[in-house]
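2 protein chains.
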Amino acid sequence: MVSYSAPLDDIRFVLYDLLDYDGRIAGLPGFEEASRDLVDTVIEEGAKFCENELLPLNRSGDEEGCIFENGVVRTPKGFKELYEAFCEGGWNGLALSPDHGGQGLPKTLQFVLTELICSTNLSFGMYPGLTHGACNALELHGSDEQKATYLPNMIHGRWTGTMCLTEPHCGTDLGLIRTRAEPNGDGSYKITGTKIFISAGEHDMSENIIHLVLAKLPDAPEGSKGISLFVVPKFMVKEDGSVGPRNGVACGSIEHKMGIKASSTCVMNFDEAEGYLVGEAHSGMAKMFTMMNVARLDVGMQGLGLAETAYQSAAAYAKERLQGRSLAGPQHPDKPADPIIVHPDVRKNLLTMKAYNEGSRALAFWVAMAVDVAEKHPDAAKRQEADDLVALMTPIIKSFFTDQGFETTNLGMQVFGGHGYIREWGMEQLVRDARIAQIYEGANGIQALDLVGRKLGQNMGRLLRRFFHPVQAFIEENQNDPQLAEFVAPLAKALSRLQQSTLWIAQQGLKDPEEAGAAATDYLNLFALTALAYMWARMVKVSLAQTNGSESNGQTPEFHEAKLATARFFFQRLLPKSSGLFAAIMTGKAPLMDMKEAAF
Amino acid sequence: MVSYSAPLDDIRFVLYDLLDYDGRIAGLPGFEEASRDLVDTVIEEGAKFCENELLPLNRSGDEEGCIFENGVVRTPKGFKELYEAFCEGGWNGLALSPDHGGQGLPKTLQFVLTELICSTNLSFGMYPGLTHGACNALELHGSDEQKATYLPNMIHGRWTGTMCLTEPHCGTDLGLIRTRAEPNGDGSYKITGTKIFISAGEHDMSENIIHLVLAKLPDAPEGSKGISLFVVPKFMVKEDGSVGPRNGVACGSIEHKMGIKASSTCVMNFDEAEGYLVGEAHSGMAKMFTMMNVARLDVGMQGLGLAETAYQSAAAYAKERLQGRSLAGPQHPDKPADPIIVHPDVRKNLLTMKAYNEGSRALAFWVAMAVDVAEKHPDAAKRQEADDLVALMTPIIKSFFTDQGFETTNLGMQVFGGHGYIREWGMEQLVRDARIAQIYEGANGIQALDLVGRKLGQNMGRLLRRFFHPVQAFIEENQNDPQLAEFVAPLAKALSRLQQSTLWIAQQGLKDPEEAGAAATDYLNLFALTALAYMWARMVKVSLAQTNGSESNGQTPEFHEAKLATARFFFQRLLPKSSGLFAAIMTGKAPLMDMKEAAF
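Protein sequence lines correspond, in order, to chains A and B.
Start counting the first sequence at 1; every next residue gets the next number (full-length UniProt numbering).
Start counting the second sequence at 1; every next residue gets the next number (full-length UniProt numbering).
Watch out, some of these pointers could steer you wrong.
You can't tell identical chains apart in this list, so a pair holds if it fits in one copy or across any two.
[Said to hold, decoys possible] Under the rule of at most 20 Å between Cα atoms (straight-line distance), these lysine to any residue pairs were calculated in the SDA-like manner:
id : residue 1 : residue 2
1  : K147      : F235
2  : K596      : Q331
3  : K577      : T587
4  : K493      : K577
5  : K577      : E407
6  : K577      : G588
7  : K577      : S496
8  : K493      : G65
9  : K596      : F559
10 : K455      : F289
Simulated from the structure, these hints should not be mistaken for laboratory data.
Since we're looking at a predicted model, the values are computed, not measured.
When you get a sec, could you build the whole thing from the sequences and use the hints?
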């Protein structure tokens, strides 16, 4: 069975010891209340809620799935009550605007909560997750009236939100959408068209569902420049803010999917539904990216969350399952066999999971803090700097974390042997649930194109410097520390490979964008490995300092020993992959592009 | 939707042009009839049967699954009739003994058929697959009476077979089994115990089910040396060979699995069931490996079969799906968008699949021919040589092909984007079906241990020479050919890495078996990549010769151009992974073993 308890020790280590939450976030305007004490309490309560309420419904939710009947979607047993408790506990509005009833806590805290939710019940997490995306878009781009009409109920969770982008013939290429919006003359629009793959598009957990819909106005320019964003409620909202009659939007069917079965994935038919323009006409694409960028980081956290549960479950099983003997001779001669954790290959699987998870968590929270700094720092230059880092790291976190989430859940399943393939053990569900994260919110290949095609060149490479400079500074500062040499040297080598390939892509890509495209995925992965190496080197430095007697935040000496051992595994066993990636990048596009289309 | 047509061109290329089927197999004693004409006919008919009969029931089989009610297992709709047609067509006994009604064709042909079956309906293929394993064990180890009693019906397929090994508390470590066999005094035994994960343990497609069961006699030595093999029919067989009363074996339940849902996976309860010893007492482990080794190669073919379907489906989709524009500017300005095959990253996914699949097919059939040579060659030294190669390559084929099967089906699914995650499209089923192959018949970590722990050192490294020598000879023979230089040089480099790490493992492993264990998985993958590089270099040589005018077996110039382009992709984009594997191997066991158990 799946074993999970929230990794509070590691979360605290990353927030407080590694990333200086107190100095960087607690002091920002608006976060005066968000002291370490409050944060600790929130995380502990969140952990309890996820462990005790979300996790028990994860397996049954997968088995039951959502049921579609007569236009209505029934979520699995217990989900409605669970969602109510979630909203009543204030979890929905944790980091949303206090102007409309949210708690206004740092986004960093939301990242932590998102990890815990995804570890325990990803399908459930989809419902509030989509609402958050919609709230962000309305907060940033909605009129005051729209904010007042929708946000309080959405932030509470009484109403949920969706993002209606994809159509049957287009996903990545939204310039092709056919959904149209015709002016009613009174400022409202008639929205008509079909949207597919709409998560939380229809369900039985909320009073109302607020759809944010991409559509084209009659005078729209061709392609993605002609897209506008509309808000379309399932039920009309009356003058007094209460729920009125049904609008012209209905669920046509739900998808039968590989995983996240308790999350409803809907075909939504808009038939002259009344909708309201959000912001300017034809500016929908940019607004869509507001939702999308937050959602991409969220999806990255899905990978990490599932991977953490897979790791904990596999580690527990490997300590319990007796099978065979250690290659070094029986370790438990009193027992019929040794636990399988004695085997190097099992340890390799577990350490791979642990090293990716803890490295990713550090990287995620580093970026999460940048999200807060970008929003709240009084100094505009600091805000810009932080925003640059978030923009740069978003495709990396989305793509690498979800690829690792899939790899790691599969490693966890492998540790369980045949039992891993059996549904009741819960491990294969993690794999199926993890798989979608590599696809939605921009398939991972698209993330890689975003990185090389947009982020690399933006403002003459300014975004890149937000990563390269601190890594370079860290290397220079620590390269003569003998305790750190085994980590700093391979970090420097990885960084040098990353810089060489960056230069190569920049030069080649200018002449021929296909060269950049051909390098994109390998480059993203090389970037991610380097970023994890940076995080691991920084963690080691903190752990060594604490082992050597400096201030500790409650971690045991064993915690720091494990950090050191895991770091060594990362640098010796995982980081070497960067050499193959580097070699593949430098071959250029010919091996991909020379093959004739007909030969495939 | 899934697209598949049997890759007959490539199969013929590998059999005839690359591997000289006529010279090496058609001439062997017993295969006088198995001319190229006959082989072509059999493969073409097999392809038709798989495409037209097996494939149409693959999706419905997955949706319906097997149903267990009152001790009876119902296979999905159409499976019973399909199985009847399969047996009537003579497909079951294709390469089984003609002494008992089989067609006695080369095992090479069975490998080809297995690929086609796994491409079109893996779940269905499990039923005859298990029967084959049981037939092999009875042919080699059964008494004449046992052979006469069981084999004719099993070879026809009227009766099916199973392999009953695993118990709830033991899978890998069969020394722990608790199922016991008590002598009845008349030469028969009472078998009592519970077996789990028994594929085809119970179903409605055959008159009788013949279980091959591992159990312990009362006087059995401890551990794996005390295991005996028994044959236990579901229905007793009467003197006249007809089916008699029910034996004391029954299905207790079936598993709910991630995939291969139309294959019944049973808990089998033996309650004083009558059984008969196969061969000597306490010699069951070795006999089990007779079944197991054949089964391991079969399972490797499952990976390849599913991967081929994934590749063909993804390639077809990538040519059809219009989305976005080429980075080099619109390729089809008349259409709303370009097909996604214009994108480098989509091509990278497709070429990865194609390069692994075609390389694996060549490697598989090379080893398949060695299976035939090991059985039929008049020269004992040649037989031994071939048997060595099979023994060496079995864990590599099982582990690498199934890992690639999983990776490749996932790449195929990724090409489909969101549609890949939806059940009705069929791509996610390939992924779920492929996942089990990494686990059963010895999880892939066990294969790696088999390679480094048993095969490497066997007879002073004699097995290794069966691979190293021909590769070395190929390199020496072709290193001065300017057309081959771009392939031979990286092959030589990969071989050198493989040889260095072999030496390192041999030396370190002697002192400390955990060192070998810590290197095992990375070493197996390095070995597999080198073997694929050897196959690709050989294929290129043949294709170049044919392009330059030598005899061709019907392939078009485009076929050979595609071989060359795919080979270049393999050498430039995939083989570089070997550097990271090599570096990881050479770090030794410390990064895996230094971590304390409690720290996981």
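Each hint, compared with the structure:
no. : hint          : verdict
1   : K147 <-> F235 : within (17 Å within a copy, 73 Å between copies)
2   : K596 <-> Q331 : between (58 Å within a copy, 13 Å between copies)
3   : K577 <-> T587 : both (16 Å within a copy, 13 Å between copies)
4   : K493 <-> K577 : both (12 Å within a copy, 17 Å between copies)
5   : K577 <-> E407 : both (15 Å within a copy, 17 Å between copies)
6   : K577 <-> G588 : both (18 Å within a copy, 16 Å between copies)
7   : K577 <-> S496 : both (15 Å within a copy, 19 Å between copies)
8   : K493 <-> G65  : neither (48 Å within a copy, 52 Å between copies)
9   : K596 <-> F559 : between (54 Å within a copy, 11 Å between copies)
10  : K455 <-> F289 : within (14 Å within a copy, 55 Å between copies)
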